Amino acid sequence: MNLSSRKTMWKVAALSVAVLTAVTACGSGDGGEGGGGEGGKTTITFAYWGSDARQKLTEQVIAKFEEKNPTIDVEGDFSNWDSYYEKLATKVAANDAPDVLSIEIRGLSEYAGRGALADLAGKVPSADLDQQVLASGQIEGKQYAIPTGVNAFSMVANTAALEKAKKELPEDTNWTWDQWMTLAQEISAAGGVTGAEYNFNPAFLQIFAAQRGEKFYDGNKIGVSVDTLKAWWAIHQKLIETKGSPDAAKSAEIGATGPEQSLLGTNAGAMGMWWSNQLNALTKSSGSEMTLLRMPKPEGATTGGMFLQPAMFYSASAKSEHSAEGAKLIDFLVNDPDAAAILLSDRGLPTNSKVLDVVKTKLPETDQKTLAFIDEVKSELSPIQVPPKGALEMEDILKRNSEEVMFGKATPDAAAQKFLTEANAAIAG
Amino acid sequence: MPRGSRLLKHLLLIAFGLVMLYPLLWMISSSLKPEELIFREPGLWPSEVTLDNYGDGWTALKHSFGYYLWNSAVITGLSVLANLVACSLAAYAFARLNFPLKKLWFTIMLGSIMLPHHVTVVPQYIVFAELDWINTIWPLVVPKFLATDAFFIFLMVQFIRTLPRELDEAAAIDGAGYWRVFLQVILPLCMPALATTGIFTFIWTWNDFFSQNLYLTNSDNLTVAVALRQFLDSSGESSWGPMFAMSIVSLGPIFGFFLAGQKYLIRGVATTGLK
Amino acid sequence: MSESISVTPERALAPKRAPDQPPGRRRRTPHVNIHRRREARAAYVFLAPWFIGLFVITVGPILASLYLSFTDYSLLEEAKWVGLGNYTEMFFEDDRFITSLKVTTIYVVVSVPLQLAFALGLALALDRGLRGLSFYRSVYYLPSLLGGSVAIAILWRKIFGTDGLVNGLLSVFGIQGPGWVSDPDTALGTLILLHVWTFGAPMVIFLAGLRQIPQSYYEAAAVDGATKLRQFRSITLPLLTPIIFFNLVLEVIKSFQSFTQSFIVSGGSGGPVDSTLFYTLYLYLKGFKSYEMGYAAAMAWVLLLLIAGLTGVNFLASKYWVFYGDTK
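Protein sequence lines, in the order shown, are assigned to chains G, B and H.
To convert, note that position 179 of the first sequence is 179 in our numbering; the numbers rise steadily by one, no gaps.
One gets our numbering by counting positions in the second sequence from 1 and adding 429 to each.
One gets our numbering by counting positions in the third sequence from 1 and adding 704 to each.
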């Protein structure tokens, strides 16, 4: 008994050890990638987020870059938006950060401020870029990020839906919030579609606050006053009351989704506020023509408060061993017309004037429209603010406190105080 | 059972099944609608049927979707094998053998599944990065060969403990050692537990987005779970139609595995071994 | 083998001896020590892969997270020692932590018994005695395949949204239902239902467990004239207790760690108004969105202690209601 038992025992043990060694050997066998050297080629990684369409474009643009720079191999590190930062943070923490990475303005301070990003000034030529937009990638005089292109948060209207309710497209240079709310109410009352969908996007509050002479971020503090928050929520509440918008629950439901499932996107609403690069998705999913409008203002306001925001930035890791190659890639992406001819407006409308001239005619119709709109409002825009650390949390904090008000779980006064406490704590950290 | 009550039971099961399956039916119907109609037309019945989403979805990414199915299949297959072997070995020891500090080790084993993985992911990543295993399948597979899925050890311990000890003893009297008892007595009687382990490992690995997304970053290494997420971009434009279509496609292998596995699931002591 | 056949349910039911005690035969052998040592050696060989995994892969990161729980760690910078700071902040200053604890507790207390009852009921219904059961089993398992899918957020809205299936049915009776998913008062309820809906895993384990009960017991009981209900109570239920126990322990652990459903359905926010802010979701947000990984690690260890305590209670209580076949 013992003999056979021991024999089998050793056999199994030997087998499992063999499997393990085989497995581990294979695992480390093909290591050594990511280093340099092999045949004089340098491999760099480039992290970005997006959808299938962007992945395809990016693969193409990478191929083009490698064609022009035969000594550099670019490995695309793609992630969907929802898990982008968790992955990036893990890699930075493990000292395995991608050489080149995409980042948006809200995460910029987080990563730059904590020393994860390299100063790109002088490494990536930026003379042809829109200097005001370029400044949004600077913190304390260092160019941590190069903007890819721009967006504006604006009012989007479904032209056909307005016509159906026998309403004209409003004259947007001087329209007020009251006019907008009345219009929404009237469209809803006309039956068929809902007048407007509201949102709790910090960009909306930022514009609204600017119109009242307040900054969203004032240094390392929230500059929005309690009164402004209350006035802002009053707009939402009035829309619910007058049925210009769906009720709080339905609005929360829509608010949790993207453009495709929004009222505008499903032809169930006439107006909403979106980033200008979402115009494409809205047009495609609804099959209707959409028009970009300026945001309404309070009566007598002197500034429109709208601003251009970089859709995203390219940055380089501070610890990258191949910073020269990384800079080359970024340079190619923002300054080379060949890159722009592939990417078009995928990462926002290009801000490089020379590039833009080349690709202008190639842009699809919706983008042409956005470009025209941005050109038109450009002179009225407010400067861009780089939000401090903790800005990634702002959207959640604002939404949570706003919903407390809408669902009657807190008074506007209490919620405003709470928002300020939480928001200030988030950016102080 | 009388015929009437049998019929009633069938009807109940079907009606209830339909309610359970409503979301799936909606998803199938959506995958057959032209993409722009998916959210405009909320009803279950498509007014217009098209297979475009399947065609588009299959080719939308860098590789055809079959490529990702294969990647997933490799990782999943190895994981199933690994868990079956490693976890049953450990389970037998915990359930049947005596050794010093057994209670302590058992507690540690259970404890290891109680810590949310979000806080161990960074240190773990560092370990695998040190081994130079990033962008290989080893971080996903090797731990399973080392029985780190303690869930399944516990599962099998519980199953083995339902078996009467007289079985082992009878075999021991016949001259069988531990390995023969394990291989010839315990394992065959644990078919349901092994099938459960296999099925769950398959499904969970197939659907495991978090670690696959983290460790397989190169676009040539992506798996189905990661590829499916690529259709969606909450910050911009999403391809809902292809996403639904490919979700249906990716249900195929797991459902198939479940169908195959469930034969063994019900082959317990009741139908084999003890009579 | 004929010895074992005579194990009657009644004998199996009676917990006579602690499970870990070795069978009598061994106690009487003269070479006790040799046997013990041989058995222990065999055990360690069987456990070898697990031990390697434990020390190489599992233990390091767990200890690291314990260390990090005493630090201020942003992931992007070096960790700074703060002693018990994270722990005191959690219990005395963080309202959302308390909220998340409450939300999770309600979720566990309501959904685990519901799901297990549901799974056991269906497992019994689908066990045997009807044609086409394997078909039904597969169909009923399908929801669990979908449970973690990205599409689930939309599917759930299709059922519990303002214009969803449930409100559609209610409107037939003239009732205007709320927007279940997005109303803070009902959102958690829909997630509980989502959990119950993915009953497939415990159902499968129950099914497998039912098959471990020798048919002969039922035959013997039927000869003795026991009714179906009596058979269920004296054979099925007691012999299934190890499996019920397993499902209970595991579901408690898993439910306390629930993350995906809330993450996907609420779009990662735990909203509306924190009504679905699960403990692990909050932990995740702290770690990866607020860049306070030290705090997240501390939360994880508090959760570990909580779950371990509950599991310990579960194990202690199990002595009174769980019966193992290996206790003679």
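By construction, these hints were calculated from the structure, which means they are not laboratory data.
Only a predicted model underlies this, so the values are computations on that prediction, with no experimental measurement involved.
Each residue gets a CB set at the ideal place from its N, CA and C atoms; glycine is no exception.
Hints are supplied without guarantee of correctness; some may be wrong.
Heads up, simulated DSS-like pairs for lysine-lysine below, C-alpha to C-alpha not over 25 Å straight-line [claimed, not checked]:
no.: 1; chain 1: H; residue 1: 784; chain 2: G; residue 2: 418
no.: 2; chain 1: G; residue 1: 378; chain 2: G; residue 2: 362
no.: 3; chain 1: G; residue 1: 418; chain 2: H; residue 2: 932
no.: 4; chain 1: B; residue 1: 531; chain 2: H; residue 2: 784
no.: 5; chain 1: G; residue 1: 41; chain 2: B; residue 2: 531
no.: 6; chain 1: B; residue 1: 532; chain 2: G; residue 2: 56
no.: 7; chain 1: G; residue 1: 221; chain 2: H; residue 2: 1023
no.: 8; chain 1: H; residue 1: 932; chain 2: H; residue 2: 806
no.: 9; chain 1: G; residue 1: 164; chain 2: G; residue 2: 369
no.: 10; chain 1: G; residue 1: 221; chain 2: G; residue 2: 418
no.: 11; chain 1: B; residue 1: 532; chain 2: H; residue 2: 958
no.: 12; chain 1: B; residue 1: 438; chain 2: G; residue 2: 64
no.: 13; chain 1: H; residue 1: 958; chain 2: G; residue 2: 409
no.: 14; chain 1: B; residue 1: 491; chain 2: G; residue 2: 284
no.: 15; chain 1: H; residue 1: 1023; chain 2: B; residue 2: 532
no.: 16; chain 1: H; residue 1: 932; chain 2: B; residue 2: 438
no.: 17; chain 1: G; residue 1: 319; chain 2: H; residue 2: 993
no.: 18; chain 1: G; residue 1: 142; chain 2: G; residue 2: 215
no.: 19; chain 1: G; residue 1: 215; chain 2: H; residue 2: 784
no.: 20; chain 1: B; residue 1: 491; chain 2: G; residue 2: 362
no.: 21; chain 1: G; residue 1: 319; chain 2: H; residue 2: 784
no.: 22; chain 1: G; residue 1: 68; chain 2: B; residue 2: 438
Chain B stretches covered by chain G per the calculated footprint, using a threshold of three residues with CB under 8 Å from any CB of chain G [to be verified]:
no.: 23; stretch: 484-491
no.: 24; stretch: 547-555
no.: 25; stretch: 642-649
no.: 26; stretch: 667-677
no.: 27; stretch: 685-691
How the hints compare with the structure:
1. 784(H) with 418(G): violated, 29 Å
2. 378(G) with 362(G): Cα-Cα ~22 Å, so holds.
3. 418(G) with 932(H): Not OK: residue 418(G) and residue 932(H) at ~60 Å, beyond 25 Å, violated.
4. 531(B) with 784(H): violated, 37 Å
5. 41(G) with 531(B): With a Cα-Cα distance of about 54 Å, the restraint between residue 41(G) and residue 531(B) is violated, given a limit of 25 Å.
6. 532(B) with 56(G): Given pair residue 532(B), residue 56(G) is violated - Cα atoms ~54 Å apart, limit 25 Å.
7. 221(G) with 1023(H): Given pair residue 221(G), residue 1023(H) is violated - Cα atoms ~58 Å apart, limit 25 Å.
8. 932(H) with 806(H): Given that 25 Å is the threshold and the Cα spacing comes to 41 Å, the pair is violated.
9. 164(G) with 369(G): The given pair, whose Cα atoms are some 23 Å apart, holds under the 25 Å limit.
10. 221(G) with 418(G): Within the cut-off at roughly 14 Å; holds.
11. 532(B) with 958(H): Roughly 22 Å between the alpha carbons, so the hint for residue 532(B) and residue 958(H) holds.
12. 438(B) with 64(G): Given pair residue 438(B), residue 64(G) is violated - Cα atoms ~64 Å apart, limit 25 Å.
13. 958(H) with 409(G): violated, 31 Å
14. 491(B) with 284(G): holds, 23 Å
15. 1023(H) with 532(B): holds, 15 Å
16. 932(H) with 438(B): Holds - the C-alpha atoms of residue 438(B) and residue 932(H) are around 17 Å apart, at most 25 Å.
17. 319(G) with 993(H): Holds, at about 22 Å.
18. 142(G) with 215(G): holds, 23 Å
19. 215(G) with 784(H): With a Cα-Cα distance of about 33 Å, the restraint between residue 215(G) and residue 784(H) is violated, given a limit of 25 Å.
20. 491(B) with 362(G): holds, 24 Å
21. 319(G) with 784(H): This hinted pair holds, its Cα atoms lying about 21 Å apart.
22. 68(G) with 438(B): Violated, because 70 Å separates the two Cα atoms, which is more than 25 Å.
23. 484-491: Held - the stretch 484-491 of chain B has 3 residues with a Cβ nearer than 8 Å to chain G, which meets the minimum of three.
24. 547-555: holds (count 4)
25. 642-649: holds (count 5)
26. 667-677: holds (count 4)
27. 685-691: That given contact is violated, which follows from only 0 residues of the stretch 685-691 of chain B lying within Cβ reach (below 8 Å) of chain G.
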